[in-house]
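Respectively, the protein sequence lines represent chains A and B.
At position 192 of the first sequence (counting the first as 1) the number is 951 in our numbering, and the numbers step up by one without a gap.
At position 341 of the second sequence (counting the first as 1) the number is 346 in our numbering, and the numbers step up by one without a gap.
Hints were generated in silico from the structure; no laboratory data involved.
Keep in mind that the hints are not guaranteed to be accurate.
[As the list claims (entries may be wrong)] 27 Å max Cα-Cα, derived DSSO-like pairs, lysine-lysine:
| # | chain 1 | residue 1 | chain 2 | residue 2 |
| --- | --- | --- | --- | --- |
| 1 | B | K125 | B | K89 |
| 2 | B | K142 | B | K180 |
| 3 | B | K190 | B | K124 |
| 4 | B | K143 | B | K125 |
| 5 | A | K1063 | B | K143 |
| 6 | A | K1063 | B | K190 |
[As the list claims (entries may be wrong)] Restraint ranges, calculated between C-beta atoms of paired labels, are given here:
| # | chain 1 | residue 1 | chain 2 | residue 2 | range |
| --- | --- | --- | --- | --- | --- |
| 7 | B | K124 | A | F802 | 52 to 58 Å |
| 8 | A | R879 | B | T71 | 22 to 28 Å |
| 9 | A | G786 | B | T71 | 55 to 61 Å |
| 10 | B | A176 | A | S1064 | 30 to 36 Å |
| 11 | A | S1064 | B | D178 | 35 to 41 Å |
| 12 | A | I914 | B | T71 | 32 to 38 Å |
Predicted model only: the values in this text are computed from it and were never measured.
Glycine residues also receive a C-beta, built at the ideal position from the N, C-alpha and C atoms.
For reference, the chains in residue letters:
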Amino acid sequence: MATVTQSPPPAPAPAQAPRAKPPRKRGRRTPYLLLLPGLLWLFVFFALPVIYQASTSVQTGSLEDGYEVTWHFATYWDALSAYWPQFVRSVLYAASATVLCLVLGYPLAYLIAFRAGRWRNLIMILVIAPFFASFLIRTLAWKTILADSGPVVEILNALHVLDVTSWLGWTAGDRVLATPLAVVCGLTYNFLPFMVLPLYTSLERIDPRLHEAANDLYARPSTTFRRVTLPLSMPGVVSGTLLTFIPATGDYINADLLGSTDTRMIGNVIQTQFLRILDYPTAAALSFILMAAILFAVTVYIRKSGTEDLV
Amino acid sequence: MKTTHDTAAHGGDVRLTGLGKTYGSFTAVHPLDLTVPEGSFFALLGASGCGKTTTLRMIAGLEEPTAGTVRLGDQDVTALPPYKRPVNTVFQSYALFPHLDIFENVAFGLRRRGIRSVKKQVGEMLELVQLGEQAHKKPHQLSGGQQQRVAVARALINHPKVLLLDEPLGALDLKLRRQMQLELKRIQTEVGITFVHVTHDQEEAMTMADTVAVMNGGRVEQLGPPSELYENPRTTFVANFLGTSNFIEADVDTRSGDDIVLKAGGGKLVLPSARNSGPTAAGGKVLLGVRPEKISLVPADDAGRIPEGRNRITGRISDSSYLGVSTQFVVDSPVCTAFEVYVQNIDRDHRLAPGAEVVLHWDPAHTFGLDAAQDADAGVETVGEEAV
Chain A
760 MATVTQSPPP
770 APAPAQAPRA
780 KPPRKRGRRT
790 PYLLLLPGLL
800 WLFVFFALPV
810 IYQASTSVQT
820 GSLEDGYEVT
830 WHFATYWDAL
840 SAYWPQFVRS
850 VLYAASATVL
860 CLVLGYPLAY
870 LIAFRAGRWR
880 NLIMILVIAP
890 FFASFLIRTL
900 AWKTILADSG
910 PVVEILNALH
920 VLDVTSWLGW
930 TAGDRVLATP
940 LAVVCGLTYN
950 FLPFMVLPLY
960 TSLERIDPRL
970 HEAANDLYAR
980 PSTTFRRVTL
990 PLSMPGVVSG
1000 TLLTFIPATG
1010 DYINADLLGS
1020 TDTRMIGNVI
1030 QTQFLRILDY
1040 PTAAALSFIL
1050 MAAILFAVTV
1060 YIRKSGTEDL
1070 V
Chain B
6 MKTTHDTAAH
16 GGDVRLTGLG
26 KTYGSFTAVH
36 PLDLTVPEGS
46 FFALLGASGC
56 GKTTTLRMIA
66 GLEEPTAGTV
76 RLGDQDVTAL
86 PPYKRPVNTV
96 FQSYALFPHL
106 DIFENVAFGL
116 RRRGIRSVKK
126 QVGEMLELVQ
136 LGEQAHKKPH
146 QLSGGQQQRV
156 AVARALINHP
166 KVLLLDEPLG
176 ALDLKLRRQM
186 QLELKRIQTE
196 VGITFVHVTH
206 DQEEAMTMAD
216 TVAVMNGGRV
226 EQLGPPSELY
236 ENPRTTFVAN
246 FLGTSNFIEA
256 DVDTRSGDDI
266 VLKAGGGKLV
276 LPSARNSGPT
286 AAGGKVLLGV
296 RPEKISLVPA
306 DDAGRIPEGR
316 NRITGRISDS
326 SYLGVSTQFV
336 VDSPVCTAFE
346 VYVQNIDRDH
356 RLAPGAEVVL
366 HWDPAHTFGL
376 DAAQDADAGV
386 ETVGEEAV
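All chains should be modelled from the sequences, with the hints used to inform the complete structure.
As structure tokens, this is what we get:
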């Protein structure tokens, strides 16, 4: 900006000015013209639906008589007081899944970035491969994996792991299916690639010579990880957790297929309100509360993690 | 210049014994024996891929040797990981930690060794490299030359037994490089730590180092002070890699005292036998070398005025270029095409122009002899590539 204000003193020759102007003007307009398709898309498919939904959330009426905007903000309060347990549960499940994704995904991403060598591409394909099957099918597969008579339950039972998880309230009796554990497992599985890919990208960007430099400067491998690798991979950790946490909070398929009525998440409530009960204002209000809550959480998180300070 | 290799037996010498590295079937470094005296500025010079960086990394512990040992003084460090070696490296691309500011970059080594009060030391070190003002900037906010000095400070602050420099000036432009060469030399003299410097730039090696080891194809071709390497190269690679050399193929004729008389294209040339590393028996083939700046050039008409006892050959100037300080001539002669001669521009003789018949003459003491079995152009192309 400084250069603009300090640019050539008075206008040189008035005769030259008009000739120099037109190309400059066109140059200025080009970026906006290029932005236009994207902005249009955003307007039609994001801004308009949000406005429409906002108006729905303050309407009253019934399906038969039609809905009308009555600025009935009480819907928000009613929705929140009726469904706060599902909100809390959603955040809890999504947070658990995000932590699990991080715990599983970080070593995997680290391995791919630094140790995999010629296996790197193969492992990457394996990470992405589940995307070739539909979300629904993948989740249904977990129904089979966690089935009551399946090998997983049998082994966990034999090892008395289920006794512990039942005591913690994660599972019920000798069942895994239709319990919180099953839902969190499904969420973790389905969102793992969203954690691994950003982590991998940020780890892969780290110059391996920085590890050598740390080693050379008396940092043993564990210290090198703590002081160099981890701080430099923070952008990946932040974007990975966001990409996992945000969609996981609003997810309803996992709770629907792997859970029970006791594991309903806010996504399930919204879906039911919209599609079965047809109470559009409540569904819209719930969606808005969810959006606001996530926006707030994400803002706090980004501030706290201080990623804007990182390269 | 600060040289310590005249005094023997030091506690801080770097001793490489039979040190070698192979990758599968490729030998990066042939087993080499090398002693770097304590407190010296030692350069490993060679074209890219000659094994100089691998050698350096084996000293640092960043590369595991497949054979031999590395000793620092009396301590065998071959099996030690890099973080346990009293050795620090200045990396080619500096490898500064981008998430830490300059102060923390420099303090990194001290903190890892559990030293609490680092402030004073870091401050002093930043003063030494003239970066006191920049302590709280991030590396990417500094210029290339400043980053380079941070890299040096970050390594030096640990008072290593040996400082390893891996092409530390490679990323800088020519002017800055010259300046940093002097700067590094100053720092080395000031701190007295052994520097092992890897470079492909012969001028850099010659300006800075007390001792230079010229490497080629994973072997040390020749080792010695820069003047020794330049004046008396032992192989054509060294002769060509360090500066320019003219070669004449000649046959050993007779010996006379301390000199060898050689026959080349009907003429006789004299070579001190002490400066001959080629065959000495009569009939042996020798590549006789002479540096372009040692040669005097006179028009053929003045040949009578050349003093006795000088080596002389005749030829015709095929090209000349005026370089300010000197004029560079290319002379075609029966014994050697494209003979290069540099003449100082003191009294310019206008008869010395392309096409002129001339006599080249030089003091036999500046002649060196090499075994003619080797490639006379070894090391030539590589220099050209690197110079770009």
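Tested hints:
1. Note on B/K125 and B/K89: the hinted pairing holds, with a Cα-Cα distance of about 24 Å set against a maximum of 27 Å.
2. For the hint linking B/K142 to B/K180, the alpha-carbon distance of about 25 Å falls within 27 Å, and the restraint holds.
3. A C-alpha spacing of about 26 Å is found between B/K190 and B/K124, which places the hinted pair at or below 27 Å, so the restraint holds.
4. Straight-line distance between C-alpha atoms of B/K143 and B/K125 comes to about 20 Å, which keeps the hinted pair within the 27 Å bound.
5. Distance restraint check for A/K1063 and B/K143: the Cα-Cα separation of roughly 21 Å lies within the 27 Å cut-off, and the hinted pair is therefore satisfied.
6. This hinted pair does not check out: A/K1063 and B/K190 have alpha carbons roughly 46 Å apart, beyond 27 Å.
7. Range check, B/K124 to A/F802: Cβ separation about 56 Å, and the 52 to 58 Å hint holds.
8. Between A/R879 and B/T71 the beta carbon distance is about 26 Å. The supplied range of 22 to 28 Å therefore holds.
9. For the pair A/G786 and B/T71, the beta carbons lie near 60 Å from each other, so the given range of 55 to 61 Å is met.
10. Restraint check, B/A176 to A/S1064: a C-beta distance of roughly 33 Å satisfies the suggested window 30 to 36 Å.
11. Take A/S1064 and B/D178: their Cβ atoms lie about 39 Å apart, and the range 35 to 41 Å holds.
12. Taken as a hint, the range 32 to 38 Å is violated for the pair A/I914 and B/T71, whose Cβ atoms sit roughly 46 Å apart.
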